[in-house]
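S.K.: As a plain string of letters, each chain reads:
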Amino acid sequence: MAATTTGSTLPSRERSALLRFVVEQPLGAAAFVVILVMALAAAFADWIVPYDPEAIDFSAMLAAPSPAHPFGTDAFGRDILTRIIYGARTALSIGLLSSLLGCAAGAVIGVASAYFGGRTDLVVQRFVDILLSFPIIVLALVVVAMLGRRLVLGIDVNLIVAIAIPIVPKVARVIRSAALSIREMPYIDAARAAGYSHARIIFRHMCPNVVAPFLIMLTAFIAQAILLEASLSFLGLGVSEPKPAWGLMLAGNASDFYREAPWMVIFPGLAISLAVFAFNLLGDSLRDWLDPKFRT
Amino acid sequence: MRQAGTAQPTPRSGDPAAHSDDRFLLEVQDLHVHFETSRGVVRAVEGISYAIRAGEIVALVGESGCGKSVSALSIMRLLSKPAGRIVGGRILFEGRDLLGLSDEEMRAIRGREIAMIFQEPMTSLNPVMSIGRQLMEPLQIHLGMSGEEARERAKELLGLVGITDAERRLDQYPHQFSGGMRQRVMIAIGLACNPKLIIADEPTTALDVTIQAQILELMRDLSRRLNIALLVITHNLGIVARYAHRVNVMYAARIVEEGTAEEIFGAPRHPYTIGLLRSVPRLDRPRSEKLETIEGLPPNLLDPPKTCRFAPRCPYRIANCDIDPSLFDTEHPEHRSACHRWRELASLAGAPRTVPAEAAERALADETLPALAVEGLTKHFEVSAKGFAGGKAVVRAVEDVSFSIAPGTTLGLVGESGCGKTTVGRLILRLEEATSGRIAFEGRDLAGASGAELKRLRTRIQVIFQDPFSSLNPRMTVGQIIAEPMRVHGIADKRRAGERVAELLTQVGLYPYMAERYPHQLSGGQRQRVGIARALAMNPSFIVCDEPVSALDVSIQGQIINLLEELQERLGLTYLFIAHDLAVVRHISHRVVVMYLGRVMEIADREELYAKPLHPYTRALLDAAPVPDPVIERTRAPRALKGELPSPLNPPQGCVFHTRCPLAIDACRAGVPALEELRPNHFVACIRAKESLGRNEACSGPAPS
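Chain order of the listed sequences is A and B. Taking the working numbering, the leading residue of the first sequence gets 2, the next gets one more, and so forth. Taking the working numbering, the leading residue of the second sequence gets 106, the next gets one more, and so forth.
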């Protein structure tokens, strides 16, 4: 009877959350390790890389991968491995932060819009329509141009905002549709009947129940944010040469040389793919792990 | 009287299929079905055998998860792959083993020889195909008919299931049909190719009681006229009593008792069957003080007990019950029971307890301030009408409803779907704003309350919802769910709230350690108990119970009803009990309000209403409610109420019930009848009832304001 199901829940509660995650989601844990390694490499880049990322070496222009330059060099003779490790700083900070910011804002707007409904919903959604009608790159361009640059701890905060803003309406639209069905659940009625505040119902009762689509969008937008950052950099509005950034390495003059020096595109491309893949994997396992239904 | 007396005698004296007694149409032999899940193998069906003769109606009765639907899907070989597997047994249909057929051969049998009708008429028809196309499809595929032939036959089929105006109806789409009509269409599709067997999986569960009666009547009639065998799968013993020749009772993947309907209902030989029959409140018996229930929960089929499966819940358990029993023959042929003590059961179980409830009747003093008084409550919803410039249409969900509830009592609110009973509950909870009318709670205005006043009132009025699966936030533990209202309203600090959660869990019959669980780790009945504990957390005085037991299995239903009654007694709670099940409402309510299409039809004290109903709608409802006793059921007249519920978008002029009322006259169309006190404390909104009463009894009550 009741006692039969108790046994399985108790031991897992005693373990620490991290250990439980590793045991229950080995793939997610592996992805987490990959991201952790990237973050550590980016943080301690100054101590581990063999070269200066911006040092130009005309004697080793377009050098093929070798023991001295494991990933080869670019058109200016800069070591690609070094630049990839430094580039992780931009990728992780701008990719992760802007995606997180955009998705969080979008989710709250979407859930609130669905919860209040009626006129509020109508106004919010028309505003979302307007934002959606701009191409993502144009929107980001306008924001960057308007806000200018503001560096905090070496990271361009306004660039993060600029990349986050085009994400907001997309997430808001998707999360709203998920929240609309949550809105009709009796437990939301129960919360209203218990006299809870709007903020409490939105944050405590509705948001946790849209976490599945939220995490999927969050991980998908990390990749987009990295690429958007590259586009902006290419247009001279994001990170600019000679600062190392993965997108910039791909989008810059690499296109002129990829035939004779394919390593110039292969390795930054691999870095982006690996990061995106790791984030996606981590997002999927987090989604399952956060869902009480998957707990045994 | 009905012709049933001759056409459908008891199976003993002359079954309609008695001439083909030795040849079964369908024989299920020792069927085993396993489901692979991440937690192990679920043995959903374990060695069940049953048989159906041509033209016979056989019922498979059991609670959710007992394997009844799985065994039916196995016949059609429609188990979801790869999780579900038939691991043993034979299914003989006209002597051929269906399990040995190729997919191609099986497809020729599905729909052609064996048809299936599903529970949910709203979703089992394709919304983008016209009814005609869906009817013609099996005819063209299985019988190779041409378009015109199929259309002719489709028209004929609609006539057969009682849908008039077939020519026009064929080109309509499912959304243009009501629930009952859709189920008729489903039956017509099932009948299309003249099958020999129809499997109906809970065919009327989603329908209202008056529509349910119509559909069952239709299915029985068709089975008799066309000699089609019916396998009815259901959890409702009541509907089985009237229609089935033989009944198989399933429990935890096994058949525990099988026999003719008379035997099963008249002389049950298994404690589970006895428990099932006694745990439902019944309209044909005096109201008992307390429902007898089956305690506990069905076993987990991942790891079923090695003993008799029912032993852990059985009140008549003895040492011998450690041995898993097989089906024993009883003194009656065709009646078998899987109980070691089947011989003694009749004397052990005794007669059902029917303590007359009169002794415990609460004094309904008129002069006390009512806990809740509703006056002229009206709610109109605006919906956008069709078309570009369609403007707005108005749904009159609740129209001029008035009633009051004395403190410490229960007011039952009954009616079919769409009658506005749930909206009344939501208006009282202020989940919707009333269009007009007054709601007074303990003498204070509730409809106009706002801000802090409303927040304070909300701690006094609580709610229990119908669906225990969706009324608890899946992301919160049971403890968080129950503690939250106390924390938010500052009633208790963290430590005190924890103690109170344990206290409340004990109070509703759960264990304090369950506070750590998430809702999905509990059974339906346990979740409903958590819902009750949450409602009790703020010490409310008034609880709106919106169909609190209709989503639960019958054996659990009784437990929850008893719990609600106990809590009322102990804590002096007042309930508004919203339900569609008349027997349940009679059991729990002190006073009853009957609603139809947003209006009140009749209000009376429980005994008065059920013994001497005055409104023709109340009578029709009582008449349509099935009773779990084949002897009584077979002598009851066929159901009088015809037709469908009109749309609340466009309710009939005058008395809203006149379109279906057997007593309707011209005057009923002229004006809305007022709710009048025709007998002391008994209010009725019907001019015909008033007339007939005026002739018999002198009536002098003034009309209520």
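Calculated directly from the structure, the hints in this document are not laboratory data. All figures in this text were calculated on a predicted structure; none of them were measured in a lab. Incorrect hints may appear among the rest.
[Unchecked claim] The calculated SDA-like cross-link candidates involving lysine to any residue, where the alpha carbons are at most 25 Å apart (straight line), are:
hint, chain 1, residue 1, chain 2, residue 2
1, B, LYS560, A, LEU291
2, B, LYS599, A, GLU185
3, B, LYS717, B, GLU449
4, B, LYS560, A, GLY119
5, B, LYS411, B, GLU449
6, B, LYS747, B, ILE268
7, B, LYS497, A, LYS244
8, B, LYS560, B, GLU538
9, B, LYS795, A, PHE204
10, B, LYS497, A, ALA200
11, B, LYS301, B, SER393
12, B, LYS497, A, THR121
13, B, LYS599, A, ASP122
14, A, LYS244, A, VAL143
15, B, LYS497, A, ASP122
16, B, LYS301, A, LEU181
17, B, LYS599, A, LYS244
18, B, LYS411, A, LYS244
19, B, LYS560, A, ALA64
20, B, LYS497, A, VAL125
21, B, LYS560, A, VAL143
22, B, LYS497, B, HIS485
23, B, LYS560, A, LYS244
24, B, LYS301, B, ASP202
25, B, LYS599, A, VAL143
26, B, LYS560, A, ARG193
27, B, LYS599, A, ARG193
28, B, LYS560, A, ARG127
29, B, LYS560, A, GLY118
30, B, LYS395, B, LYS599
31, B, LYS560, A, SER198
32, B, LYS560, A, ASP190
33, B, LYS599, A, GLY196
34, B, LYS599, A, ARG205
35, B, LYS497, A, GLY118
36, B, LYS497, A, VAL143
37, B, LYS599, A, VAL125
38, B, LYS497, A, ARG127
39, B, LYS497, A, PHE204
S.K.: Quick check: which numbered hints come out false for this structure?
M.R.: 1, 2, 3, 7, 9, 10, 11, 13, 16, 17, 18, 19, 21, 23, 25, 28, 30, 36, 37 and 39
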